[in-house]
Amino acid sequence: MSERSTTTRLLDRWLAGHSTLVFLFFYAPLVVLVVFSFNDSRFVNRWEGFTFDWYRAIPQDAALMNAVKNSLIIALVSTIVSTVLGTMAALALERYRRWLGKRTFDALLYLPVIIPDVTMAVMLLIFFTQLNQSLGITTIILSHIAFNISFVAIVVRARLANLDPLLEEAAADLYAGRWQAFRRVTLPLILPGVLGGALLALTLSLDDVVITSFVQGPGSTPLAVEVFARIKRGVTPIINAISTLMLVASMMLVLGSLVIQRRQSGSTVGG
Amino acid sequence: MRRAAAPDAPVTAELEHAAERAARWRGFRLALPSFAYLIVLFAIPLILVGVYSFASRSRTGAPELSDWNLDSVSKLVDSTVLAIAWRSTWLALLTTVVCLLVAYPFAYYIATRSPRIRNLLLVFVMIPFWSNFLVRTYAWKVLLGADGLFTKVGEALGIWGQLLFTLPAVLIGLVYGFLPFMVLPLYAAIERLDWSLVEAARDLYASGWKAFRKVTLPLSRPGIIAGSILVFIPALGAYVTPDILGGAKTVLLGNHIVNQFLAARNWPLGSAVSMAIMIVMLFATVLYFRTQARTL
Amino acid sequence: MKRFSIALMTLMLLMAACGDDDDVVEAAACDPGATDGDLDLYNWSEYIDPELIPAFEEQYGVSVTETFFDSNETMLAQVEAGGAAYDLVVPSDYMISIMAEEGLLVPLDKGALTNLGNLDPTFTGLPFDPDNEFSVPYQWGTTGIGFAYEAVGDDFDPSWALIFEPDPSYAGQISLLNDARETLGAALKYLGYSVNTTSQEELDEAVELIKGMRDAIAKYDSDQFEDDLVSGETVVAHGWSGDFFAAFDEVDGWEDFGYIIPQEGAVAWVDNMAIPTTADAPCTAHTFIDFILDAENGAALTNFNFYASPNVASEPFIDAEILEDEAIYPPDEAFDRLEFIADTGDFELQYQDALTEIKS
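Protein chains in written order, with this note's numbering: chain U, 1 to 271; chain X, 1 to 296; chain W, 1 to 360.
The hints are simulated quantities; they were obtained by calculation from the structure and are not laboratory data.
Virtual Cβ for every residue (Gly too), placed ideally from N, Cα, C.
Warning: the hint list may mix true and false statements.
What the hints assert, rightly or not - Coverage of chain X stretches by chain W, computed from C-beta distances (three or more under 8 Å per stretch; other residues unrestricted): (1) 145-157; (2) 257-263.
Unchecked claim - Straight-line distance between alpha carbons at most 30 Å, and here's what the computed BS3-like set of lysine-lysine pairs gives: (3) X:LYS75 x W:LYS211; (4) U:LYS102 x U:LYS232; (5) U:LYS232 x X:LYS152; (6) W:LYS110 x U:LYS232.
As the list claims (entries may be wrong) - To give an idea of the chain W side of the interface with chain U (calculated C-beta under 7 Å), a few residues: (7) PRO50; (8) THR67; (9) TYR86.
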């Protein structure tokens with residue numbers, strides 16, 4: 001890679017300053033949030049001493065623990081299903097030139113990405129109520145899969161598009177069956193894409209508020225929606241505490257995926 | 001089972017057709033589960049929303065499918081909805097522009113560091129990107145309140161007071177939430193630039209700014225477009241941010257639609273507005289991709 | 001593509017036919033103290049003493065899930081949609097008559113409610129549910145103005161003008177309830193009309209009044225209005241009596257804050273417990289109602305949320321200060337100014353649309 005001459009030193013310093021400010025902008029609110037989760041008072045603004053009480057209060061908050069449980073179940077199931085379905089969809093679109101309804105499917109696959117959250121929430125609510133389906137964890141999972149398939153497909157497709165099809169053709173020549181060729185060659189090659197898609201699906205599922213709040217039933221509230229409801233009802237540092245835990249969890253997820261990525265690129269074919 | 005590849009065997013048209021058909025069937029089969037899923041849980045609900053837009057509103061607000069009318073659709077152009085639509089569009093555009101102005105130098109800076117520093121900085125950008133959106137919005141709610149740090153700083157500087165529950169608060173929240181969506185595509189585009197071109201431009205034009213404007217900027221356009229779409233669309237349909245930071249006072253399209261399904265109990269109108277907003281976004285996206293394809 | 005569309009159409013017709021048209025609502029038949037599943041309670045926020053929930057869970061061996069709503073209309077929308085199966089809801093007076101008419105409530109089995117006799121007769125047989133067929137009173141109160149003395153001074157006119165003609169010194173620090181009937185009701189009262197008007201002109205006048213001063217409004221909030229008042233975010237707040245007092249008590253701000261029922265008149269209301277037809281566990285719901293009607297539990301409720309209790313047997317257990325507080329238990333003269341919200345039939349939706357118009 002040729003040398004990236006940036007610009008004059010002055011401009012460079014300006015850019016550095018700007019970037020520092022941007023990083024500050026990103027992190028300052030989060031730091032404040034974390035700091036006040038240790039606040040020894042019911043206020044989230046006025047510092048009155050250090051305590052772990054709010055963190056201790058979390059396991060005792062039945063509604064919150066139930067929400068965490070719901071989130072995990074929903075995220076896990078919807079991620080697994082949408083990753084499988086999305087990967088299959090990506091393979092079908094990238095590796096097979098023509099089949100019945102391919103163009104329709106291609107267009108259909110993009111819609112969940114473009115559609116605004118509220119519209120999707122509305123459609124699913126109307127759909128479930130029209131069918132007299134009672135709302136609960138099942139409807140939430142079904143809804144999450146509905147939008148996650150597309151996101152997984154996009155990520156895997158991008159990965160597939162960058163692969164050399166000759167590798168897979170060679171594999172087809174080497175191995176007796178298509179499944180073997182897939183398992184031994186294609187799958188390892190697209191695995192970073194699949195995992196990336198899965199991570200995206202997981203995050204989107206855990207993050208979702210609008211769609212979930214429309215299709216949930218009593219007792220099936222996941223964490224994000226529960227926190228949302230609480231923020232509107234009245235704020236105490238317990239929200240800071242659970243938010244901090246959520247931040248730590250996503251940080252670990254990011255770092256974890258990075259570590260896996262690094263290991264992956266070291267050991268797989270064509271890495 | 002793959003046809004044995006014997007180089008000397010005559011390849012008949014029949015065999016080729018059979019192989020093609022088999023491949024087509026396999027492709028279809030592979031896509032079928034997700035295809036079927038999306039038809040049932042996406043296409044049909046979408047059509048239902050369209051249908052509901054023409055239903056009439058019963059006394060309790062539930063849709064009455066037996067009584068078709070254009071009431072709700074005609075309401076789309078009444079002053080209330082138009083005012084909200086105008087405000088939402090304007091705010092989404094503003095958010096996009098601010099994000100672009102803030103993200104571009106930032107992405108440029110990261111993209112022009114050495115690979116090790118680049119990756120490190122990227123990790124620090126990823127972390128807020130993957131963090132829960134709600135948590136990040138909540139962080140600002142606290143900062144912007146009467147006792148919040150942001151407010152206190154502003155009061156000390158004498159520039160601003162309490163911003164919570166105003167339009168600027170929503171703007172800050174939206175920019176904060178969507179900035180990573182602008183940074184990442186911009187970074188990807190800038191990182192891929194052929195720097196020899198940039199250098200050549202710099203040799204050609206006396207001023208660096210001109211080189212930037214004539215070469216770097218146009219080359220990074222795909223990133224700008226991608227980032228703008230990724231920010232504009234969710235900003236237009238935003239619900240959580242205006243709800244938390246806007247105090248039920250700042251009614252944007254997202255809040256308006258949700259309200260039709262809650263207290264206002266006007267499912268047909270809510271459906272009509274949802275359809276309208278989706279059609280607009282679809283239109284805008286297709287337009288963008290068309291123009292991008294033409295100019296490349 | 002053509003075959004596709006035909007298949008889609010058929011599927012849709014099938015689905016349209018799947019709609020439920022059941023209109024007959026059977027009365028419940030439950031034994032006192034019986035339970036038939038866990039309880040899904042749909043209530044206003046901070047309306048039930050948190051100690052009562054685990055107490056009920058332990059006594060009857062079921063678990064209770066609480067979901068919250070912040071307005072009657074939101075609750076109606078959710079119950080009507082039918083997707084979420086709540087066992088017990090707590091609607092206000094007029095909402096009971098609306099829901100009963102729509103066939104959304106289960107007629108109660110009085111036999112399962114052993115503590116029914118604890119209720120003050122004044123609060124049974126009210127117009128919205130003359131035979132208490134569908135509901136049992138829960139708490140009652142008034143809707144007025146909470147304020148900080150610091151902002152309004154000691155010598156002010158106890159009128160809705162505090163909100164609708166605000167002093168510029170506190171403009172931008174006012175909150176209104178995010179509730180169409182209540183907020184428009186306040187404006188209507190200020191203009192001298194009834195909160196139950198079905199006159200579009202009067203409603204329009206109220207809308208114009210609020211629109212005229214809406215820049216002075218900080219927020220529309222039915223959940224946190226009392227917290228915002230005591231934390232200083234707002235200094236004049238439209239809200240429900242008990243919520244204010246609970247907040248004053250928490251920060252010990254009885255000297256700094258006050259509550260008035262404006263002279264032009266205000267809303268008095270009764271919230272009630274009712275069982276939706278979609279309930280999975282109607283008998284548990286009955287048992288819960290009975291549990292709340294118990295004298296001591298009813299008192300715990302009032303001692304927690306500072307609202308007035310319709311339970312006459314609870315009086316010995318309620319804190320003396322609460323019983324004597326005229327703002328919580330208004331004297332008879334005050335009732336001359338108070339009006340109950342009633343169902344306005346087809347006009348209801350006009351109120352909702354009016355609030356949307358104000359906010360947009």
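Of all the hints numbered above, which does this structure not satisfy? Sort the numbers upward.
4, 6 and 7
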